[in-house]
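Each chain, written out:
There are 2 protein chains.
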Amino acid sequence: MPMEHRVHVLKLDHRPERDKRVTTHAALVSRAFGASKFLVSGVCDSNIRDNIIEVNERWGGTMDFECVTNPLSYCRKWREQGGQIIHLTMYGLHIDDVIDEIRSNPSSKLVIIGGPKVDPVYYKVADYNVAVGNQPHSEIAALAIFLDRLFKGRELYLEFSGGTVKIIPTARGKKVERKGQS
Amino acid sequence: MPMEHRVHVLKLDHRPERDKRVTTHAALVSRAFGASKFLVSGVCDSNIRDNIIEVNERWGGTMDFECVTNPLSYCRKWREQGGQIIHLTMYGLHIDDVIDEIRSNPSSKLVIIGGPKVDPVYYKVADYNVAVGNQPHSEIAALAIFLDRLFKGRELYLEFSGGTVKIIPTARGKKVERKGQS
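Protein chains in written order, with my numbering: chain A, 1 to 182; chain B, 183 to 364.
Extracted from the complex, chain A is given alone in its bound form (with noise of 0.2 Å):
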């Protein structure tokens, strides 16, 4: 990973019919936004994994996925092996109170986002439960903002080894690049 700490991200419950878009979504941003793996519990859903396959394919880099059928224990061995578990919830401490302190941390961190309900007990395993401010949103606004935030907008300008086309910024229409041409 070229960025500075690794960062997975695990989302708790997913449910195919209730979640698909929303989770995949999610995925998305951790592999843009410089997570390097993604993580359901709840229904391990085929279409995500392979979503994330397609994505690397054709443009670049190595975003992992894993379905986790014990999410608790998961967490609680991330914690043993050193790793700082971060849960993103609109109950929590404000990020801008918390985010230099995570940031000074080179742990590992693994960063839960919930659905409408998640079991008390994260709240308990996460060191740190962390509000991307205290109205009700997205957990796919939260995330982005948190990795912006602990990134400091760099994650916007990784660079994604592999794939087959690139874009180049333009000012209007697309204008795409295939890779190994210019």
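Treat the hints with care, as some may be off.
Counterexamples of contact, computed for chain B against chain A with all Cβ distances above 12 Å [what the hints assert, rightly or not]:
| # | residue |
| --- | --- |
| 1 | 195 |
| 2 | 219 |
| 3 | 225 |
| 4 | 233 |
| 5 | 251 |
| 6 | 289 |
| 7 | 290 |
Output of the computed footprint for chain A on chain B, the stretches with three or more beta carbons under 8 Å from beta carbons of chain A [what the hints assert, rightly or not]:
| # | segment |
| --- | --- |
| 8 | 293 to 306 |
| 9 | 311 to 321 |
From the derived model, a few chain A residues whose C-beta atoms are all more than 12 Å from chain B [stated by the list, open to error]:
| # | residue |
| --- | --- |
| 10 | 66 |
| 11 | 68 |
| 12 | 73 |
In case anyone wonders, no lab produced these hints; they're calculated from the structure.
For glycine and all other residues, C-beta sits at the position ideal for the given N, C-alpha and C.
Please build the complex by placing chain B on the supplied structure of chain A, with the hints as guidance.
Chain B in isolation, oriented as in the chain A frame:
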């Protein structure tokens, strides 16, 4: 509005069966991040409207909602009246290269977020085509990052007048205050 810019957000080509939760997330992000109105073209989905009304009643604020039958003429009228249009697209110019210029212009901002296929005309009608990174991710994330950069993070301190409840940020668990009590 307590923010220094008047911002409306237009979601193009909403389709309830495909987009319901994604569009709801975009509406809630718009409200929580300082926009004052959310508009959809495509199907006029009363679920989105009902959701916004419910959130306003419970969490405060006066977020507005509108269905637009002809989004292109709406955009043209917006510009005629002196407003700016910012189209969020991964093909656009890097947000860091244009955000200061956008912010320094006091005009009202119409932020357009698309679906999978956006008519090329919107790349032309927009004053700015803005990319929040040039990787595929999520219009919800793009919207959140754009508003966060526009308002320099101050949107996360917005106070919403009215409503019945308010969250008290806390390190563990949930602390919710009924408004008018303490």
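Residue 290 of chain B and chain A, when compared Cβ to Cβ, separated by more than 12 Å: 21 Å, holds
Cβ contact check, 8 Å cutoff: the segment 311 to 321 of chain B against chain A, three residues minimum: holds (count 9)
Going by Cβ atoms, does residue 233 of chain B stay more than 12 Å from chain A at every point? At about 10 Å from chain A, residue 233 of chain B fails to clear the 12 Å cut-off, so the statement is violated.
For residue 219 of chain B, is the shortest beta carbon distance to chain A beyond 12 Å? 16 Å, holds
Was residue 251 of chain B rightly flagged as not at the interface, with every chain A Cβ beyond 12 Å? 25 Å, holds
Say whether it holds or is violated: residue 225 of chain B keeps its Cβ farther than 12 Å from all Cβ of chain A. Its Cβ never comes within 12 Å of chain A, the nearest being 16 Å, so this holds.
Coverage of the segment 293 to 306 of chain B by chain A, judged on three or more residues with CB within 8 Å: The restraint on the segment 293 to 306 of chain B holds, since 3 of its residues have a Cβ under 8 Å from chain A and three suffice.
Verdict on residue 66 of chain A as a residue remote from chain B, using beta-carbon distances over 12 Å: 20 Å, holds
Please verify that the nearest CB of chain A lies beyond 12 Å from residue 289 of chain B's CB. 18 Å, holds
Reported absence of residue 73 of chain A from the contact zone with chain B (all CB gaps over 12 Å): Correct as stated: the minimum Cβ-Cβ distance to chain B is 20 Å, above 12 Å.
Checking a non-interface call: every C-beta of chain A should be farther than 12 Å from the C-beta of residue 195 of chain B. Is that right? About 15 Å separates residue 195 of chain B from the closest Cβ of chain A, which puts it past 12 Å; holds.
Against chain B, does residue 68 of chain A keep a CB gap of more than 12 Å to every residue? 22 Å, holds
In summary, the one numbered hint that this structure violates is 4.
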